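Enquirer: Sequence:
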Amino acid sequence: MDAPKMTTTSYAILGLLAIKPWSTYELAQQVHVRMRRFWPRAESKLYEEPKRLLARGLAAAESGRVGKRKRTLYSVTTAGRAQLGRWLAEPGGAPVLEFEALLKVFFAEHGTKADLLATLAAVQDWAAQQLAEDARTADRYLTGDGPFPARGAHLVLVGRFLSDFADMTGRWAQWAAEEVRQWPPDLGKATPNREALTEIAQRTPDR
Numbered sequence: 017m018d019a020p021k022m023t024t025t026s027y028a029i030l031g032l033l034a035i036k037p038w039s040t041y042e043l044a045q046q047v048h049v050r051m052r053r054f055w056p057r058a059e060s061k062l063y064e065e066p067k068r069l070l071a072r073g074l075a076a077a078e079s080g081r082v083g084k085r086k087r088t089l090y091s092v093t094t095a096g097r098a099q100l101g102r103w104l105a106e107p108g109g110a111p112v113l114e115f116e117a118l119l120k121v122f123f124a125e126h127g128t129k130a131d132l133l134a135t136l137a138a139v140q141d142w143a144a145q146q147l148a149e150d151a152r153t154a155d156r157y158l159t160g161d162g163p164f165p166a167r168g169a170h171l172v173l174v175g176r177f178l179s180d181f182a183d184m185t186g187r188w189a190q191w192a193a194e195e196v197r198q199w200p201p202d203l204g205k206a207t208p209n210r211e212a213l214t215e216i217a218q219r220t221p222d223r
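Position one of the sequence shown corresponds to residue 17 (the numbering used here), numbered consecutively onward.
Hints are computed from structural coordinates only; laboratory data are not their basis. These figures come from a predicted structure and were not determined experimentally. Be aware that a few hints might be false.
[Claimed, not checked] BS3-like mimics (lysine-lysine), calculated; alpha carbons at most 25 Å apart, straight line:
no.: 1; residue 1: K21; residue 2: K61
no.: 2; residue 1: K86; residue 2: K36
no.: 3; residue 1: K67; residue 2: K21
no.: 4; residue 1: K120; residue 2: K86
no.: 5; residue 1: K67; residue 2: K36
no.: 6; residue 1: K84; residue 2: K36
no.: 7; residue 1: K36; residue 2: K61
no.: 8; residue 1: K67; residue 2: K86
no.: 9; residue 1: K205; residue 2: K129
no.: 10; residue 1: K67; residue 2: K84
no.: 11; residue 1: K21; residue 2: K36
no.: 12; residue 1: K120; residue 2: K21
[Unchecked claim] Using C-beta positions, here's what the derived DEER-type ranges look like:
no.: 13; residue 1: D131; residue 2: E42; range: 39 to 45 Å
no.: 14; residue 1: Y63; residue 2: P221; range: 42 to 48 Å
no.: 15; residue 1: S91; residue 2: L133; range: 50 to 56 Å
no.: 16; residue 1: L113; residue 2: Q198; range: 25 to 31 Å
no.: 17; residue 1: L119; residue 2: R219; range: 57 to 63 Å
no.: 18; residue 1: L113; residue 2: L203; range: 36 to 42 Å
no.: 19; residue 1: D180; residue 2: A217; range: 52 to 58 Å
no.: 20; residue 1: S91; residue 2: W188; range: 41 to 47 Å
no.: 21; residue 1: P107; residue 2: A71; range: 43 to 49 Å
no.: 22; residue 1: F164; residue 2: P221; range: 20 to 26 Å
All residues carry an ideal CB built from backbone N, CA and C; glycine is no exception.
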């Protein structure tokens, strides 16, 4: 029987195992805490991945106990590190955005102005929460209290993207709310902001 196909989530788990051995519970927690903002996955799927890596010879498993509870620790193998290196050598796929609030904005003319403003306010709240979380994390690294400090340089690259994204999203939601407040109660009669359209049109790389 062929080994299960490698997915991007498989590589995410393999990358964590390349840092240190983990139990399946610890792996799921690491993905939730460290990666949920750019690679959200169902917890049930994460518990399956270490066994798939084990079946391919990319991970090894060692049984042990924590008190009376049995625990299996997974670690990366030499073949696993090599596989991870080959994946890292390939360009990654393009970003895929999943944003329910933006979908509601897309169909906003079928609702009320109050509904749309409430949606945009919720987006601003989300952005503020993320920026506050990012600030706390950055402070931990500045004081030498961040997890895995040896990986700090790489984590800053990802952290800067996430913080910039939250900042951009919050500023967009604020701008959008200011626009909507000027619209008539019948959202179907709103007219487009030509200044914004012109600005978007001028963002092509060759201009």
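Enquirer: With reference to the structure, classify each hint as holding or not holding.
Expert: Here is how each hint holds up against the structure:
Distance hint between K21 and K61 is fulfilled; the C-alpha atoms sit about 14 Å from each other, no more than 25 Å. Only pairs whose Cα atoms come within 25 Å are accepted, and K86 paired with K36 is accepted, the gap being roughly 19 Å. At most 25 Å may separate the alpha-carbon atoms for a hinted pair to count; K67 and K21 meet this at roughly 12 Å. Taking the CA atoms of K120 and K86, the gap is about 46 Å. The hint is violated against a cut of 25 Å.
Of the pairs offered as hints, the one joining K67 and K36 holds, with about 17 Å between alpha carbons and a cut-off of 25 Å not exceeded. As the CA atoms of K84 and K36 are separated by approximately 23 Å, the hinted pair is consistent with the 25 Å bound. The straight-line distance between the Cα atoms of K36 and K61 is roughly 20 Å, inside the 25 Å bound, and the hint therefore holds. For the proposed pair K67 and K86, the alpha carbon gap of about 16 Å is at most 25 Å, so the pair holds.
For the hint pairing K205 with K129, the CA-to-CA distance comes to about 12 Å; that is within 25 Å, so the pair holds. The hinted pair formed by K67 and K84 meets the criterion: a straight-line CA distance of about 23 Å does not exceed 25 Å. A distance of roughly 23 Å separates the Cα atoms of K21 and K36; the hinted pair therefore holds under the 25 Å criterion. With a C-alpha separation of about 36 Å, the suggested pairing of K120 with K21 is violated against the 25 Å cut-off.
For D131 and E42, the Cβ-Cβ distance of about 41 Å falls inside the hinted range of 39 to 45 Å, so the restraint holds. Range check, Y63 to P221: Cβ separation about 43 Å, and the 42 to 48 Å hint holds. Between S91 and L133 the beta carbon distance is about 51 Å. The supplied range of 50 to 56 Å therefore holds. At roughly 27 Å, the beta-carbon separation of L113 and Q198 lies within the given 25 to 31 Å, and the hint holds.
Judged by the Cβ atoms, the range 57 to 63 Å given for L119 and R219 is violated: they are separated by roughly 23 Å. Separation of L113 from L203 is about 23 Å and departs from the stated range, judged on CB atoms against 36 to 42 Å. Here the CB-CB span from D180 to A217 is close to 23 Å, at odds with the stated 52 to 58 Å. Between S91 and W188, the C-beta spacing of about 43 Å keeps the proposed range 41 to 47 Å intact.
Evaluation of the 43 to 49 Å hint for P107 and A71 yields a failure: the beta carbon distance comes to about 27 Å. For F164 paired with P221, a C-beta distance near 36 Å fails the hint of 20 to 26 Å.
When held up to the earlier numbered hints, the structure conflicts with 4, 12, 17, 18, 19, 21 and 22 and fits the remainder.
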